[in-house]
Amino acid sequence: MEVKLKKNLLNSLVVVVCLVVVMGLLLAGCKTTTTATETTAAATTAEATTVAETTAAAETTAAAESITLEFWSWNNEGAYPKVHEDAEKRFMAKYPNVTIKRDYISYADYMVKLKASLAGGQAPDIFQIPWAGEYTEIARSGKIEPMTEYLKKDFPTFFENVMKAISVDGDAWAIPLDLNTLQIAYNVTKFKELGIEIPKSQDELIALAATLKGKGLFGIAQGTKDLWTGGDSFFAEVAYTDPTHTKMAAADAGTIGWDDAVFVDAINAVVKLIKGGVYAPGANSMEAFVGAEDLFVQQKSAMFYPVGNFVTGGVTEKVAGAFEYSLFPTPPLKAGDEALPTGGVAEMFVVSKDSKNIDMAVEFLRFLTNDDGKTILAANDFIPSSDYKGDTSNFSPLYKNMLDAQSKSQSRVVYNTKVYQAILNGMQGIFGQELSPEDFIKSIVEAAKG
Amino acid sequence: MLNRQLQKIGFLFSLPSILFFLVFISIPVIFTIALTFASWQGYDILQIKFVGFKNYIDLFTDRIMLKSFINTLIFVTLTTLFLNIFGFFGALIIDQKIAGARFLKNAIFLPVLLSPIIIGIMWSRMLDAFGILNKIIQALNITKLPILFLGSSKIAIYTIIIATIWQFAGYDMLLYYAGLQGIPAELLEAARIDGANERNIIFRIILPNLSPVITITLLLNIIGGFKVFDIVFVMTTGGPNHGSEVLATYLFQQAFRLNNMGAASVIALCIIVLSLGAAIIRLRLTRENI
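Respectively, the protein sequence lines represent chains W and U. Numbered per our numbering, the first sequence spans residues 1 to 450. Numbered per our numbering, the second sequence spans residues 1 to 290.
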């Protein structure tokens, strides 16, 4: 029995060895074929090079070699892909040897894939980057190319606040494509029908919510399951409680504490709105652009927050023919004060330091942000990150509203990742009325301590 | 001589598996353990810094870590308990030669075949403040305001547990059903002839005979519970305000939101130790049963 078993094992080994030999031979065959193809290709290339040298001496070196630039973004919704594609077409018309390989990865997976590719030295040439939290860390990771020097050549002059937002340790690290403003969308038709006006203060907003409730409507639909939207309610209040508009950056830099009165007042103002019945119930169980947007589109809520050009395209399409809507900023604390929206950089891109074609990658970003790029941005309701000098007479009132809001918009950016996450998670507790303002502030202070 | 040759042959046959295990399991686990003593944001391997036990100290004094651990224990306990109860009684029902048993078997097993992501999205839609369940509750005048099944940090974890039980009860049922087929019909018949009632048959005949299946099912549920991620991530992302945070979602948050790979590795190690502990218990119990 044992001898038979040993014999079987030896036979099996012979079979395995034979298989390995056969596979080796097959691979060798493939290698021979590849080599043959390479030789033919080399001969063809040599011929082509000779022809090129004699007939088109003026052609640039860049045009002679075939280049593929990898481009990653998470924004495959709305009109962003149109903007990217348009730049790609214009770029490839000038550089036909360059191919842009665009990949859209859902935001849930984006940072996971990006981190793995950065750590493995396999990052895409050009990639979108979050505007808060991770931005500083990626800028300091040594994995991306600083843009300061490139910005001096053939890029538009970006707005000053935008330049501030993309600068870390004295260098600019990203190329900002567009900006967004966050405001409250309201059902103009319903407001007119009920004889309601845009509230001029937060007390008026509370009174308005009560009126709407009496008519069987919810106030503001907001989905805080997505986390970031809750954070924006807090930042919108800080825009009013801090008239200097400097304290958020100061707290972020650690020069003042997050328990400063402006932050305490801001969170108390949010709590007042929640307790005043301004929001539709169940914010924490609704996604911003599914549940909350549905409430607004289906006219169950008369208002919807936060809304900017990142979503107006979809909303306009969904409400077309049903009702008219427009936008107003979160009202000020006191009637008579100027209404201030929040906003900042929307899409921004960086170039990987591992890219073999850094210059071409930067060149593509020039095409994204140049005058033609701005025209296609404006045509799709996006706000360019530098001055747009094109014809604005055909723009929709909604787009003009957002352009106007942009000029007044206040920061919604916190770069300390721990603090940012503490604000977002804490706001869920605030919206669920399960966390006190004191504990909210305490959690941010703790996060800031690291 | 031949024995040594055979050993070499055996080793050669095992080599692919050994290499696979080393490259895809052992090395990552060793790297993870090493990372627990390091600070790393996950971008550049050259930026890894040794920080000693800092990650352990930080995490073991972190209230969110404690919350995640407690939630994981609640999840493991409740899902294991109810999956086994429903699985066992479901198996008893479909084992009866009654009309509709086959349909019932397929219907209960069907959710097992679906991805937890789909289950999560489906339950999220049904359970949101304006979902079908709240509409029914309000139509029946049970409450005027919607129940925030996923919007309240106090009940979100239990909602996820219910969705998980709904999905995986069919899996446990099938394991118990297979176990029931191994109990000789003569044994049950003899018990009935001797005057045993249904309760006695279940508790004195069926359950003792199913003990190997019970052991395996319990431990599979426990290990699965410790690792749970997808359904929690889809239904609540661990929220509201960490209310349904479990170890795996907190690991994700530490690694990919807070860029703290060291802390994430400590959590990963906790999950490995807990799962390994359950696996060792399983091995011992199974050996005793054999």
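Read the hints as simulated data drawn from the structure, not as lab findings. The model shown is predicted, which means the values in this text are computed figures rather than measured ones. Yeah, the Cβ is synthetic: ideal placement off N, Cα and C, and Gly gets one too. Errors might be hidden in some of the hints.
Stated by the list, open to error - Estimated spans, in silico, between C-beta atoms of each pair:
#	chain 1	residue 1	chain 2	residue 2	range
1	W	D372	U	I118	51 to 57 Å
2	W	E65	U	S14	46 to 52 Å
3	W	K300	U	I118	23 to 29 Å
4	W	T99	U	N3	57 to 63 Å
5	W	D372	U	L140	36 to 42 Å
Taking the hints in turn, this is what the structure says about them:
At about 42 Å, the CB distance of W:D372 to U:I118 disagrees with the hint of 51 to 57 Å. With their beta carbons about 47 Å apart, W:E65 and U:S14 fall inside the hinted range of 46 to 52 Å. Between W:K300 and U:I118 the C-beta distance comes to about 27 Å, which sits within the given range of 23 to 29 Å. Separation of W:T99 from U:N3 is about 60 Å and conforms to the stated range, judged on CB atoms against 57 to 63 Å.
Roughly 59 Å separates the CB atoms of W:D372 and U:L140, a value that falls outside the hinted 36 to 42 Å.
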